[in-house]
Amino acid sequence: MTRPVDLDDIVAQARTAVSQADDLDALDRAVGSVFGKRGALTAVQQGLGQLEPAERRELGRRVNEARAALQAAIAQRRSVLVQERDRVVLARERIDVTLPPRTPKRGSLHPIAETQEALVDTFAGLGYTAITGPEVESDWFNFTALNFPRDHPARLLHDTIYVEPLAADARPQTAMLRTHTTPVQVRAMLAQPPPLYVSMAGRTYRQDTPDATHLPVFHQIDGLAVDTDLSFADLRGTLAAFARALLGSAAEIRLRPHYFPFTEPSCEVDARVPGGRWMELLGAGMVHPNVLRAVGYDPERVGGFAFGIGVERVAMLRHGIDDLRLLADNDLRFLAAF
Amino acid sequence: MRIPLSWLAEFVDLTGTTPEGLAETLTFGGLEVEAVRRPTSGTRGVVVAEVRAAAPVPGSDKLILVEAFDGQRSWEIVCGASNFGVGDRVPAALPGATLPGGLQIGAKRLMGVTSNGMLASARELGVGDDHRGIWVLDGDAPLGADLNEWLDLEDAVLDLEVTPDRGYALSLHGVARDIAALTGAALHLPEQEELANLDAPGAVPVTIDDPERCPRFTATLVEGVTVRPSPAVLQRRLAAAGMRPRSSVVDATNAAMLETGHPVHAYDRSQLAGPLLAVRDARHGEAVVTLDGVERRLDPDDLVIADAETVVGLAGVMGGAGTEVADTTTDVVIEVASFQPAAVLRTGRRHLLLTEASTRFEKGVPPETVPLGVSRCLELLTEVAGGRAVAATDAYPGRAERPVIRLRPERARRALGMPLADERQAGLLRAIACQVEPEGPALVVYPPVYRPDLRLEADLYEELARLEGYDKIPETVPASGTVGGRLPEHAARQAVRRVLAGAGWSEVLTFPFLGEDDIEALGLPAVDRRRRPVALVNPLSKEESVLRSSLLPGLARVLRRNVNRQTADVAIFEIGRVFLPPTAEDPGADAGAEGGVLPAEPVALGLLACGAFAQARWDSPARPVDVADVVGAVDAACRAVGRGPVVVTATDERPFHPGRAARLTVAGTDIGVAGELHPRVVAALDLPPRTLGAELRLDRLVGDGIQPPRPSTPSPLPSLRLDVAVLVASEVPAGQVEQAVRAGAGEHLTACTLFDVFEGEQIGPGLKNLAYHLRLDDPVRQLTDADAQAVIDMIAAAVADRVGGTLRR
Numbered sequence: 000m001t002r003p004v005d006l007d008d009i010v011a012q013a014r015t016a017v018s019q020a021d022d023l024d025a026l027d028r029a030v031g032s033v034f035g036k037r038g039a040l041t042a043v044q045q046g047l048g049q050l051e052p053a054e055r056r057e058l059g060r061r062v063n064e065a066r067a068a069l070q071a072a073i074a075q076r077r078s079v080l081v082q083e084r085d086r087v088v089l090a091r092e093r094i095d096v097t098l099p100p101r102t103p104k105r106g107s108l109h110p111i112a113e114t115q116e117a118l119v120d121t122f123a124g125l126g127y128t129a130i131t132g133p134e135v136e137s138d139w140f141n142f143t144a145l146n147f148p149r150d151h152p153a154r155l156l157h158d159t160i161y162v163e164p165l166a167a168d169a170r171p172q173t174a175m176l177r178t179h180t181t182p183v184q185v186r187a188m189l190a191q192p193p194p195l196y197v198s199m200a201g202r203t204y205r206q207d208t209p210d211a212t213h214l215p216v217f218h219q220i221d222g223l224a225v226d227t228d229l230s231f232a233d234l235r236g237t238l239a240a241f242a243r244a245l246l247g248s249a250a251e252i253r254l255r256p257h258y259f260p261f262t263e264p265s266c267e268v269d270a271r272v273p274g275g276r277w278m279e280l281l282g283a284g285m286v287h288p289n290v291l292r293a294v295g296y297d298p299e300r301v302g303g304f305a306f307g308i309g310v311e312r313v314a315m316l317r318h319g320i321d322d323l324r325l326l327a328d329n330d331l332r333f334l335a336a337f
Numbered sequence: 000m001r002i003p004l005s006w007l008a009e010f011v012d013l014t015g016t017t018p019e020g021l022a023e024t025l026t027f028g029g030l031e032v033e034a035v036r037r038p039t040s041g042t043r044g045v046v047v048a049e050v051r052a053a054a055p056v057p058g059s060d061k062l063i064l065v066e067a068f069d070g071q072r073s074w075e076i077v078c079g080a081s082n083f084g085v086g087d088r089v090p091a092a093l094p095g096a097t098l099p100g101g102l103q104i105g106a107k108r109l110m111g112v113t114s115n116g117m118l119a120s121a122r123e124l125g126v127g128d129d130h131r132g133i134w135v136l137d138g139d140a141p142l143g144a145d146l147n148e149w150l151d152l153e154d155a156v157l158d159l160e161v162t163p164d165r166g167y168a169l170s171l172h173g174v175a176r177d178i179a180a181l182t183g184a185a186l187h188l189p190e191q192e193e194l195a196n197l198d199a200p201g202a203v204p205v206t207i208d209d210p211e212r213c214p215r216f217t218a219t220l221v222e223g224v225t226v227r228p229s230p231a232v233l234q235r236r237l238a239a240a241g242m243r244p245r246s247s248v249v250d251a252t253n254a255a256m257l258e259t260g261h262p263v264h265a266y267d268r269s270q271l272a273g274p275l276l277a278v279r280d281a282r283h284g285e286a287v288v289t290l291d292g293v294e295r296r297l298d299p300d301d302l303v304i305a306d307a308e309t310v311v312g313l314a315g316v317m318g319g320a321g322t323e324v325a326d327t328t329t330d331v332v333i334e335v336a337s338f339q340p341a342a343v344l345r346t347g348r349r350h351l352l353l354t355e356a357s358t359r360f361e362k363g364v365p366p367e368t369v370p371l372g373v374s375r376c377l378e379l380l381t382e383v384a385g386g387r388a389v390a391a392t393d394a395y396p397g398r399a400e401r402p403v404i405r406l407r408p409e410r411a412r413r414a415l416g417m418p419l420a421d422e423r424q425a426g427l428l429r430a431i432a433c434q435v436e437p438e439g440p441a442l443v444v445y446p447p448v449y450r451p452d453l454r455l456e457a458d459l460y461e462e463l464a465r466l467e468g469y470d471k472i473p474e475t476v477p478a479s480g481t482v483g484g485r486l487p488e489h490a491a492r493q494a495v496r497r498v499l500a501g502a503g504w505s506e507v508l509t510f511p512f513l514g515e516d517d518i519e520a521l522g523l524p525a526v527d528r529r530r531r532p533v534a535l536v537n538p539l540s541k542e543e544s545v546l547r548s549s550l551l552p553g554l555a556r557v558l559r560r561n562v563n564r565q566t567a568d569v570a571i572f573e574i575g576r577v578f579l580p581p582t583a584e585d586p587g588a589d590a591g592a593e594g595g596v597l598p599a600e601p602v603a604l605g606l607l608a609c610g611a612f613a614q615a616r617w618d619s620p621a622r623p624v625d626v627a628d629v630v631g632a633v634d635a636a637c638r639a640v641g642r643g644p645v646v647v648t649a650t651d652e653r654p655f656h657p658g659r660a661a662r663l664t665v666a667g668t669d670i671g672v673a674g675e676l677h678p679r680v681v682a683a684l685d686l687p688p689r690t691l692g693a694e695l696r697l698d699r700l701v702g703d704g705i706q707p708p709r710p711s712t713p714s715p716l717p718s719l720r721l722d723v724a725v726l727v728a729s730e731v732p733a734g735q736v737e738q739a740v741r742a743g744a745g746e747h748l749t750a751c752t753l754f755d756v757f758e759g760e761q762i763g764p765g766l767k768n769l770a771y772h773l774r775l776d777d778p779v780r781q782l783t784d785a786d787a788q789a790v791i792d793m794i795a796a797a798v799a800d801r802v803g804g805t806l807r808r
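Protein chains in written order, with numbering that gives the first Met the number 0: chain A, 0 to 337; chain B, 0 to 808.
For the record, the hints were derived by calculation from the structure and aren't laboratory data.
Owing to the predicted nature of the structure, the values given are computational and were not obtained by experimental measurement.
Hints are not guaranteed to be accurate.
Straight-line distance between alpha carbons at most 25 Å, and here's what the computed SDA-like set of lysine to any residue pairs gives [what the hints assert, rightly or not]:
{"hint": "1", "chain 1": "B", "residue 1": "107", "chain 2": "B", "residue 2": "23"}
{"hint": "2", "chain 1": "B", "residue 1": "471", "chain 2": "A", "residue 2": "240"}
{"hint": "3", "chain 1": "B", "residue 1": "107", "chain 2": "B", "residue 2": "143"}
{"hint": "4", "chain 1": "A", "residue 1": "36", "chain 2": "A", "residue 2": "19"}
{"hint": "5", "chain 1": "A", "residue 1": "104", "chain 2": "B", "residue 2": "568"}
{"hint": "6", "chain 1": "B", "residue 1": "471", "chain 2": "A", "residue 2": "244"}
{"hint": "7", "chain 1": "B", "residue 1": "541", "chain 2": "A", "residue 2": "325"}
{"hint": "8", "chain 1": "B", "residue 1": "471", "chain 2": "A", "residue 2": "248"}
{"hint": "9", "chain 1": "A", "residue 1": "104", "chain 2": "B", "residue 2": "618"}
{"hint": "10", "chain 1": "B", "residue 1": "107", "chain 2": "B", "residue 2": "138"}
{"hint": "11", "chain 1": "A", "residue 1": "104", "chain 2": "B", "residue 2": "641"}
{"hint": "12", "chain 1": "A", "residue 1": "104", "chain 2": "B", "residue 2": "615"}
{"hint": "13", "chain 1": "B", "residue 1": "471", "chain 2": "B", "residue 2": "23"}
{"hint": "14", "chain 1": "B", "residue 1": "541", "chain 2": "A", "residue 2": "169"}
{"hint": "15", "chain 1": "A", "residue 1": "104", "chain 2": "A", "residue 2": "239"}
{"hint": "16", "chain 1": "A", "residue 1": "104", "chain 2": "B", "residue 2": "494"}
{"hint": "17", "chain 1": "B", "residue 1": "541", "chain 2": "A", "residue 2": "335"}
{"hint": "18", "chain 1": "B", "residue 1": "541", "chain 2": "A", "residue 2": "323"}
{"hint": "19", "chain 1": "A", "residue 1": "104", "chain 2": "A", "residue 2": "125"}
{"hint": "20", "chain 1": "B", "residue 1": "471", "chain 2": "A", "residue 2": "170"}
{"hint": "21", "chain 1": "B", "residue 1": "541", "chain 2": "B", "residue 2": "568"}
{"hint": "22", "chain 1": "B", "residue 1": "767", "chain 2": "B", "residue 2": "618"}
{"hint": "23", "chain 1": "A", "residue 1": "104", "chain 2": "B", "residue 2": "614"}
{"hint": "24", "chain 1": "A", "residue 1": "104", "chain 2": "B", "residue 2": "413"}
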């Protein structure tokens with residue numbers, strides 16, 4: 000038969016054991032000696048069933064009070080001991096977090112390809128669909144359909160890289176590495192009736208010795224819009240929007256009259272680059288009526304504009320590169336930046 | 000074209016303009032000024048002096064002591080040249096003078112005498128490049144005059160970049176006209192006069208075989224000229240315009256050309272057989288020594304000028320040395336003609352000659368204004384060389400109708416987006432000397448003869464826009480009415496690039512040119528299409544004589560270059576066209592209206608790697624790149640476009656190692672080969688041992704573009720997981736074993752991962768043990784141990800049946 004005084008003793012002893020526990024294991028042992036299967040308080044609880052109802056109620060109430068009090072003491076002690084454990088043990092587990100991280104292996108994307116895709120995206124935003132055409136082009140697409148005179152200087156071996164004809168009976172100099180992406184405009188117009196809003200990016204070729212500003216293999220993106228009511232003002236607005244997308248919302252452009260066989264009127268477009276300098280950005284113009292006729296469009300009913308942008312020039316501007324040869328060198332130490 | 004402004008000012012009023020302002024006006028008006036230069040600027044304190052006496056400096060065999068009189072006093076000046084005599088007038092840089100470039104002149108002692116300044120050569124004053132002696136000035140040069148003022152040495156020169164359509168701007172007259180049109184400045188141009196003394200006695204007969212290639216040819220006989228240096232003013236102007244002063248006769252012809260745009264050539268009359276001039280095709284075997292001293296074998300397509308015996312010049316390009324004006328020449332025949340641009344261009348390019356004359360003829364010189372060139376040349380000639388024009392011949396068989404253009408002002412407004420009233424349009428065109436007559440709602444426009452570029456209505460739109468000002472064009476953006484973007488296969492290519500870069504591969508872009516050796520190095524069988532590359536007619540170099548039929552040699556160059564620069568661990572890829580003879584399966588693009596055959600240009604993906612794929616770290620050693628890295632990259636690329644997995648079968652084809660290469664297929668389509676390169680290929684391409692690579696058809700890999708993922712619904716119930724181990728003969732490919740395991744496991748199998756491969760004594764010789772983690776799921780039923788046992792039994796049967804293996808549990 001448990002006496003009230005016994006309960007007080009149990010509580011007192013347990014408090015002492017808890018407060019004297021100096022690590023979490025000792026605390027667990029102290030808790031076990033009170034609340035465990037053979038714990039002192041457990042025994043008192045088990046004895047309750049043999050008591051008279053009134054006595055049982057009274058003692059039960061006191062047992063509950065004792066448990067609550069002890070549990071509060073245990074929790075408090077546990078919190079102290081956990082903090083103590085953390086201070087010592089976790090300190091021992093310290094590692095050097097300044098060691099090099101395990102960054103996932105990463106390659107790079109070539110700046111020319113990335114710039115080209117950025118330009119494609121810009122024109123996609125203006126509603127242009129990106130298409131492609133062959134890099135080995137026929138004289139007809141590269142020159143004739145684009146209103147180049149038969150004896151235009153670009154048609155000479157001096158400027159253009161020609162390929163040996165694939166058919167035995169072919170005339171010489173009928174196939175070449177395209178000198179611009181503009182022939183893809185002709186292919187696009189032959190393939191579908193207007194309206195037409197397309198961009199065409201890709202490689203172009205010239206007989207050139209590599210230097211800081213020239214490569215024999217370079218990249219260009221052309222844009223072409225053909226519709227029923229397009230004007231030179233539309234061209235200018237489109238190029239201004241493009242310049243803002245490329246160089247920021249404060250970008251300015253200016254147009255200078257120029258000459259291309261396949262546009263009339265024609266212009267060269269300068270953009271003001273950071274620092275205030277004007278830089279030649281692209282060539283553009285209204286599609287020449289002879290080009291429209293060559294693809295079976297009626298220049299009286301439809302008209303349009305076209306523009307061509309050197310991708311390398313934009314890449315140099317974007318990345319602050321001053322020597323084109325770096326872009327053709329493929330040194331991984333250079334490419335790692337991209 | 001270089002335009003000295005003092006010269007230009009004779010034809011258009013430049014009052015109130017600055018050179019830089021004029022450059023901007025011209026650039027934005029259609030004549031681009033590349034630079035404004037002042038080639039003779041900076042001369043100070045140089046005066047015209049007369050040589051009063053000249054005697055050798057005692058003790059020197061070269062130096063001469065000159066007494067130079069500047070009109071007020073004499074100066075003793077020591078000089079190293081001796082090309083002058085007493086009485087000559089020369090530029091004297093007196094003490095305190097400055098030459099262009101900043102050279103300061105003072106008094107200094109030479110060989111015991113004091114030189115008070117120096118006498119200057121033309122080059123020292125920035126006038127041309129003559130440095131053979133002191134510049135002997137005109138006999139009546141104003142004594143004591145400051146050279147800077149007398150010769151206008153502060154004159155600015157505009158460097159004009161003239162586009163092919165604006166040939167008229169290759170003349171001072173043409174540039175003056177545009178300035179007048181753009182600014183309203185007053186013009187002072189000479190009126191054209193008819194040729195004098197036509198067919199008078201002594202006139203040189205002229206014949207023209209082909210009026211199309213030579214519409215007009217005039218020859219004027221001038222007798223009694225004196226060949227001597229030109230006046231200094233003319234020399235200075237010619238030098239500023241970029242032409243070397245030569246002699247009175249030649250300088251007069253060049254000055255006439257610069258002013259009028261009509262190239263002029265002078266023949267020594269005494270050297271002309273006949274004398275007659277025939278404009279004809281060159282004959283087989285003919286040759287001519289041109290003025291530059293080069294003997295040129297002529298092509299029958301070359302248009303030439305011949306006398307009674309021989310060829311005396313390449314028409315419109317360069318005269319012959321045999322009839323060149325010499326110091327002793329007294330009578331000259333002056334040619335002013337018009338040639339077809341294409342004919343001159345072809346001859347010029349054929350003989351690699353680009354001359355002042357051919358540059359102008361290539362852009363069009365109108366026959367109508369030929370007399371203006373003649374009369375101006377004769378004026379200059381008699382002024383600087385004396386002489387008298389006695390007889391002229393004018394052969395003009397090629398009279399052509401001038402185009403008439405109907406301009407619809409309303410259409411011009413719409414095409415330009417500029418609100419230009421009809422009257423404004425007419426006014427602008429009249430400013431460039433077009434004749435404009437209203438006809439109903441249209442304007443009938445007759446362009447001036449020197450504007451052969453104006454043929455179509457659209458040509459006039461450009462004139463209207465540039466004269467009104469390109470800066471006045473409004474900015475509007477049209478609504479395309481379509482959603483822009485990429486074609487599906489193009490978008491898929493971008494996904495492949497990104498996933499490869501993210502997986503550790505670096506993109507490179509190589510020139511698509513290879514040498515025959517590069518292709519040979521791949522060791523391909525004779526039937527392989529890649530052995531028949533598309534050849535270039537005029538390659539950049541012999542090592543770049545064909546278009547690539549494979550990406551691997553180009554990648555090999557990049558890899559080698561990086562390894563040579565001590566970047567030992569390389570993993571690169573390239574996406575680009577390869578060029579192959581077309582086949583029915585791989586056709587080339589349409590060649591267009593004139594027919595022809597173009598190569599097939601499939602888009603290829605190439606990879607190449609050497610060294611470590613995972614580099615050494617403080618906590619782990621380096622891991623060399625192996626076939627699994629390459630195949631894994633391809634697998635990742637396929638998955639990035641919603642296709643895959645890649646199915647691998649062993650292959651023994653070149654350029655790969657016969658035991659270490661995999662042919663890859665995706666969804667039943669063959670996409671190419673990946674593996675270690677054959678040691679012989681590695682050696683031939685000079686690559687590090689064990690270089691690995693892949694060459695794939697990206698067009699086949701990406702198919703129709705990115706397939707959106709269509710996932711299956713995972714079972715809500717816990718998976719059943721178990722491991723199995725298969726004992727098979729060592730030579731059985733793991734791929735086949737896995738196929739057997741998968742087949743045996745049946746429809747419940749949702750994952751199968753090989754986690755161990757073991758060969759060793761414990762399991763016996765010639766055998767290997769492959770261990771797999773399996774995951775089994777059923778959408779509606781919890782799988783039990785009984786299901787596991789059933790699966791194991793089925794796998795055991797499949798393994799035994801398909802690969803002769805046994806299952807170990």
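Checklist entry - Which hint numbers does the structure go against, in order from smallest to largest? => result 1, 10, 15, 17, 19, 20, 21, 22, 24
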